[in-house]
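This is what each chain is made of:
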Amino acid sequence: MNVISTHIGQPVSRIDGVAKVTGQAKYAAEAHPPGMLYGVVVNSPIARGRIETIHDAEARQVPGVIEVMTHLNRPHAALFEKSYMDGLGVPGVPYRPLHDGEIHFNGQPVAVVLAETFEAAREAAMVVRVDYERWPHNADFEVALHQKYMPSKTRSNYVPPKPRGDAAAAYALSAVKIEGRYHLAPEHHNPMEMHATTAIVEDDGTFTVWDKTQGPQAVQAYLASALSLSKDQVRVRNPYVGGAFGSGLRAVYNVFLATLTAEMLKRAVRVTLTRSQMFTHAFRPEAVMDIALGASRDGTLQSMIVKGVTDTSRFEHNIENIVIWGLINYKCPNATADYKVAPRDTYTSSDMRAPGAATGVNLLEMAIDEMAYACSMDPLAFRLHNYSDIDAMHDMPLTSKALRDAMAQGAQHFGWHDRSMMPGSMRDGRELIGWGMATGIWDAMFSPTSARARLGQDGRLHIATAASDIGTGTYTILAQTAAEAFGMPLDRIDVELGDSTLPECPTEGGSWTAASAGAAVWLACLSLRRKLIDMLARSENAPPWVKQDTVTLEGGILHDMTENGPVSLSLPDALSLAGYDALEAEETAKPGLRGKISQMRKARFTHSAVFCEVRVDPELDTVRVTRLLNAVAAGRIMNPKTAASQIRGAMVMATGMALHEESLMDERVGRFMNHNFAEYHIPAHADIPDMDVLFVNEHDDEVSPLGVKGIGEIGMCGTAAAIANAIFHATGRRYRNLPIMPGA
Amino acid sequence: MRSFSYSRPTSFEEACRNAGHTRFLAGGTNLIDLMKSDVERPAHVIDIKSLPMHHIADRPDGGLHLGALVTNADTAAHPLVVERYPLLASAILAGASPQIRNMATNGGNLNQRTRCHYFYDPAMACNKRSPGTGCAARGGRNRIMAVLGTSDACIATFPSDMCIALAALNATINLHGPDGERTVGVRDYHCLPGDTPWRDNILQPGEIVTAIDLPPAPFGPHHTYLKVRDRLSFAFAIVSVAVGLCMKDGRIERGSIALGGMGTKPWCVPHAEALLEDQLPSHSLFRDVAERLLHGAVADRDNTAKIRLAPRVIERALWQAAIGTPQSQTDKAIR
Numbered sequence: 001m002n003v004i005s006t007h008i009g010q011p012v013s014r015i016d017g018v019a020k021v022t023g024q025a026k027y028a029a030e031a032h033p034p035g036m037l038y039g040v041v042v043n044s045p046i047a048r049g050r051i052e053t054i055h056d057a058e059a060r061q062v063p064g065v066i067e068v069m070t071h072l073n074r075p076h077a078a079l080f081e082k083s084y085m086d087g088l089g090v091p092g093v094p095y096r097p098l099h100d101g102e103i104h105f106n107g108q109p110v111a112v113v114l115a116e117t118f119e120a121a122r123e124a125a126m127v128v129r130v131d132y133e134r135w136p137h138n139a140d141f142e143v144a145l146h147q148k149y150m151p152s153k154t155r156s157n158y159v160p161p162k163p164r165g166d167a168a169a170a171y172a173l174s175a176v177k178i179e180g181r182y183h184l185a186p187e188h189h190n191p192m193e194m195h196a197t198t199a200i201v202e203d204d205g206t207f208t209v210w211d212k213t214q215g216p217q218a219v220q221a222y223l224a225s226a227l228s229l230s231k232d233q234v235r236v237r238n239p240y241v242g243g244a245f246g247s248g249l250r251a252v253y254n255v256f257l258a259t260l261t262a263e264m265l266k267r268a269v270r271v272t273l274t275r276s277q278m279f280t281h282a283f284r285p286e287a288v289m290d291i292a293l294g295a296s297r298d299g300t301l302q303s304m305i306v307k308g309v310t311d312t313s314r315f316e317h318n319i320e321n322i323v324i325w326g327l328i329n330y331k332c333p334n335a336t337a338d339y340k341v342a343p344r345d346t347y348t349s350s351d352m353r354a355p356g357a358a359t360g361v362n363l364l365e366m367a368i369d370e371m372a373y374a375c376s377m378d379p380l381a382f383r384l385h386n387y388s389d390i391d392a393m394h395d396m397p398l399t400s401k402a403l404r405d406a407m408a409q410g411a412q413h414f415g416w417h418d419r420s421m422m423p424g425s426m427r428d429g430r431e432l433i434g435w436g437m438a439t440g441i442w443d444a445m446f447s448p449t450s451a452r453a454r455l456g457q458d459g460r461l462h463i464a465t466a467a468s469d470i471g472t473g474t475y476t477i478l479a480q481t482a483a484e485a486f487g488m489p490l491d492r493i494d495v496e497l498g499d500s501t502l503p504e505c506p507t508e509g510g511s512w513t514a515a516s517a518g519a520a521v522w523l524a525c526l527s528l529r530r531k532l533i534d535m536l537a538r539s540e541n542a543p544p545w546v547k548q549d550t551v552t553l554e555g556g557i558l559h560d561m562t563e564n565g566p567v568s569l570s571l572p573d574a575l576s577l578a579g580y581d582a583l584e585a586e587e588t589a590k591p592g593l594r595g596k597i598s599q600m601r602k603a604r605f606t607h608s609a610v611f612c613e614v615r616v617d618p619e620l621d622t623v624r625v626t627r628l629l630n631a632v633a634a635g636r637i638m639n640p641k642t643a644a645s646q647i648r649g650a651m652v653m654a655t656g657m658a659l660h661e662e663s664l665m666d667e668r669v670g671r672f673m674n675h676n677f678a679e680y681h682i683p684a685h686a687d688i689p690d691m692d693v694l695f696v697n698e699h700d701d702e703v704s705p706l707g708v709k710g711i712g713e714i715g716m717c718g719t720a721a722a723i724a725n726a727i728f729h730a731t732g733r734r735y736r737n738l739p740i741m742p743g744a
Numbered sequence: 001m002r003s004f005s006y007s008r009p010t011s012f013e014e015a016c017r018n019a020g021h022t023r024f025l026a027g028g029t030n031l032i033d034l035m036k037s038d039v040e041r042p043a044h045v046i047d048i049k050s051l052p053m054h055h056i057a058d059r060p061d062g063g064l065h066l067g068a069l070v071t072n073a074d075t076a077a078h079p080l081v082v083e084r085y086p087l088l089a090s091a092i093l094a095g096a097s098p099q100i101r102n103m104a105t106n107g108g109n110l111n112q113r114t115r116c117h118y119f120y121d122p123a124m125a126c127n128k129r130s131p132g133t134g135c136a137a138r139g140g141r142n143r144i145m146a147v148l149g150t151s152d153a154c155i156a157t158f159p160s161d162m163c164i165a166l167a168a169l170n171a172t173i174n175l176h177g178p179d180g181e182r183t184v185g186v187r188d189y190h191c192l193p194g195d196t197p198w199r200d201n202i203l204q205p206g207e208i209v210t211a212i213d214l215p216p217a218p219f220g221p222h223h224t225y226l227k228v229r230d231r232l233s234f235a236f237a238i239v240s241v242a243v244g245l246c247m248k249d250g251r252i253e254r255g256s257i258a259l260g261g262m263g264t265k266p267w268c269v270p271h272a273e274a275l276l277e278d279q280l281p282s283h284s285l286f287r288d289v290a291e292r293l294l295h296g297a298v299a300d301r302d303n304t305a306k307i308r309l310a311p312r313v314i315e316r317a318l319w320q321a322a323i324g325t326p327q328s329q330t331d332k333a334i335r
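Read top to bottom, the protein sequences are chains L and C.
Counting in UniProt numbering, the first sequence runs from 1 upward without gaps.
Counting in UniProt numbering, the second sequence runs from 1 upward without gaps.
Bear in mind the hints are in silico, worked out from the structure with no lab data behind them.
Among the hints, a few may not be true.
Stated by the list, open to error - Across the chosen pairs, the derived CB separations fall in these ranges:
#: 1; chain 1: C; residue 1: R199; chain 2: L; residue 2: L72; range: 38 to 44 Å
#: 2; chain 1: C; residue 1: D58; chain 2: L; residue 2: G23; range: 41 to 47 Å
#: 3; chain 1: C; residue 1: G250; chain 2: L; residue 2: H413; range: 31 to 37 Å
#: 4; chain 1: L; residue 1: K82; chain 2: C; residue 2: T133; range: 54 to 60 Å
#: 5; chain 1: L; residue 1: G243; chain 2: C; residue 2: L280; range: 33 to 39 Å
#: 6; chain 1: L; residue 1: T117; chain 2: C; residue 2: A333; range: 46 to 52 Å
#: 7; chain 1: C; residue 1: L280; chain 2: L; residue 2: P640; range: 43 to 49 Å
Don't be surprised by glycine CBs; every beta carbon is placed ideally from N, CA and C.
Let's have the full structure, built from the sequences with the hints guiding it.
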């Protein structure tokens, strides 16, 4: 699709920015329906067992308490496990909140206290006592590794590794070899906004559910199924979401509990999780990767053997693509990979920003750096030497891969060529300076999505789709797309998102929203524009010039030239002349035949090259990241301002992955112990330097209708490795466990 | 948080009248947090912010009097503190965040409670929080726990930065209780856990910290507060060191040193400080001081890194002080 860019590609500030900073943007826990009750969840302190007795008499005596709901007195909910399956499609038996007295994981909800005030609910929740029969459990990843397995059923997005050549034989024959076990600690998403739900029972008995989620239609389907309701009895709204990073891909227990209790008590209920409770559901799995690389002396990769394991729960099989990335991205004639999951008695690990790749790309890129050094090659030169122009695992061409440009431009901006090869050779006073780099790769996905465009008598263009803006800038880029497609000034466009009643849109995740919802909005606007001009052409009242095929819609006004000079017509007038109060069009963007063929024949990815400078005090083990640069090849950039903000945010998160973030599992009880922001360290301002983001030119008409690849996750991939590699360059010490902390 | 009654007395007499299960509220940065976490469950909260403890004033001996209700932020920015006690200002600025320092008070800082994960989580056994339940931190995830002054009953780290500087400065704590006023040296104020880990300090029921008195500090530029932590700001110390040296003609006349992040209380070893007396700075001297300071350190499951790191941090801090280049708390490069 050929787009002349008046609006698309402009660095427009967020159109929802003012609403957000002035508090007008309302989040899930900010709906205040009359008569609302507050629900506070009580969680299990044990990992495995059975509830024996629940002592709630004291809680019920707290003034204002209405109900203490447990598995014993909950209203009827769907019986079958299948009814609790959600959109993410993790195989296994989904956890059913308050279903019975069995405890599957530490932090499992065992009761919800409902009260007239938040304070009463919280106090009563503190005095609910529960006796448990404790069963043996295992929450130790090292032990779980002995029970690793490959689930018979996988998630639909799982890409099985495809071996090539004879990796074992080639490894044995390789002149240069490295081999090691790399490890990533579990992490929690920790978006700033807590998971929360306000469930409202409407007069007609239907439910309006304000939920923090990435997929209002997925939550609607889940609630309808789990509570045995029809879909039209549940409306889920999430117009604003304060970050999610994947924690809102699956329905979190608060939405089920709030809606269930609202139904039972016929009153609105709000359930907000605490920061501690944010550590009782989704988390990025702990991972190990055993990587063996073989190369010839000239630095040509000959063999790649990657074996990876991530943890999952005992009841579901969460599967990630962690082992495939090197096989795809490097031209290595012999390669094999193996992937398994290790079960623990915890909640199920879950997708977190760039799931699979954040783990697999970063750990592999640390090994690639080791191999470059083992071959005495500059790490950038080594990667270029082994560069693949195709998806080397599937032997498939790519729609585009401007990684070479990203490497070149990134290196130039960073000044990479001034780097001295020798570790520990760059110093400033007591501090050792290290420069490291890595490359990143992530899927460029496109999913069928619908959108509606409506032109009203007020002359405004209203765009609607059930997409979620989780803080990424979706409102803004969709307005830009509409402005471009329809020929409308940006300030006359309204965008409505985050409502299950709007045209169908998949759950926000996987960096596909810009490409998918963008294409849907584009089509809907073109369709509406055509419709308007057609209607005018058919109208008897319209001036004759609007029937010319040269008529244009620009700046929100219909224009043309006649013998008597320029003529124009405002949109409200155009609607009136056409005999309409409003006009709308809904379209679905799909890959189409050409797109489907392309998807079969070509692979599609975003790529990046990340460069990092660290300063290390080698005696005190302190690491300061002093420069970070990410050069990204991601097709068409809809808005360089919001896009760069996405990349910077991911670089901050990846800095946390490299240096700070670790959820500390106490295996004895199966509980993550640092469940607060004082002890779960996300980077502070002092940890983050000025960051540079470059977008390299990558024209790709094939990847998606608008040539967009998406940028929400690529910033995670490679950044943590670049930091680890820079630490090696500074100190000469290899760290194979992330995060790297003082005293490691 | 559980229901509690609240009062805001205007006299010490009224405030110190022991009303059973009470807690004093000043800045609230620690107490309120602990009440929300169900760790502190006072039946009555006595807000002492109306008591006259809001001033910083000169003392006749050339020292300084810091009112217990002066905020950490105001203390660190006070011209007399900046001029005479830059070590104290530095330690305060090494801790918490600006927002917390704006609320937190000097008295509250002395009484802040440990950040032990197990203390903070009522689902876990903790002798400090719930006497007699055991210590789940032992054998648990204890990277941040203490290695000095621990007992079978407790390995919780004393968390303050400010108090480490106060220990190096040999401050005196002024108390007001039901039986009148008394003073105690800061090094004797906090308690080792022993078999009574629920006692953080020597405060008696109804007793309030009214002020901190600082003796004159003759260190000139020869001081530092050096803190190593798991991120560069807003994190508790893994190892921190407060040092003040009296130097003359390149010689150390005497020195004062305290460790944070390592002990169950601000960690001072007079034998170690004695080594510094009338010595020239040297690597071997500083290594000996470190060794003596760390004598008896015992690691548990996750915190051996502290014992490995601490000697290097101590030596660096001693050099920073000896050379007269105290650590900056804004430039994160370590000198």
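Each hint, compared with the structure:
1. C/R199 with L/L72: 38 to 44 Å: 41 Å, holds
2. C/D58 with L/G23: 41 to 47 Å: This hint holds: roughly 46 Å between Cβ atoms.
3. C/G250 with L/H413: 31 to 37 Å: Violated - the Cβ-Cβ distance for C/G250 and L/H413, about 47 Å, lies outside 31 to 37 Å.
4. L/K82 with C/T133: 54 to 60 Å: Given range 54 to 60 Å: violated, Cβ gap about 42 Å.
5. L/G243 with C/L280: 33 to 39 Å: 56 Å, violated
6. L/T117 with C/A333: 46 to 52 Å: 50 Å, holds
7. C/L280 with L/P640: 43 to 49 Å: 60 Å, violated
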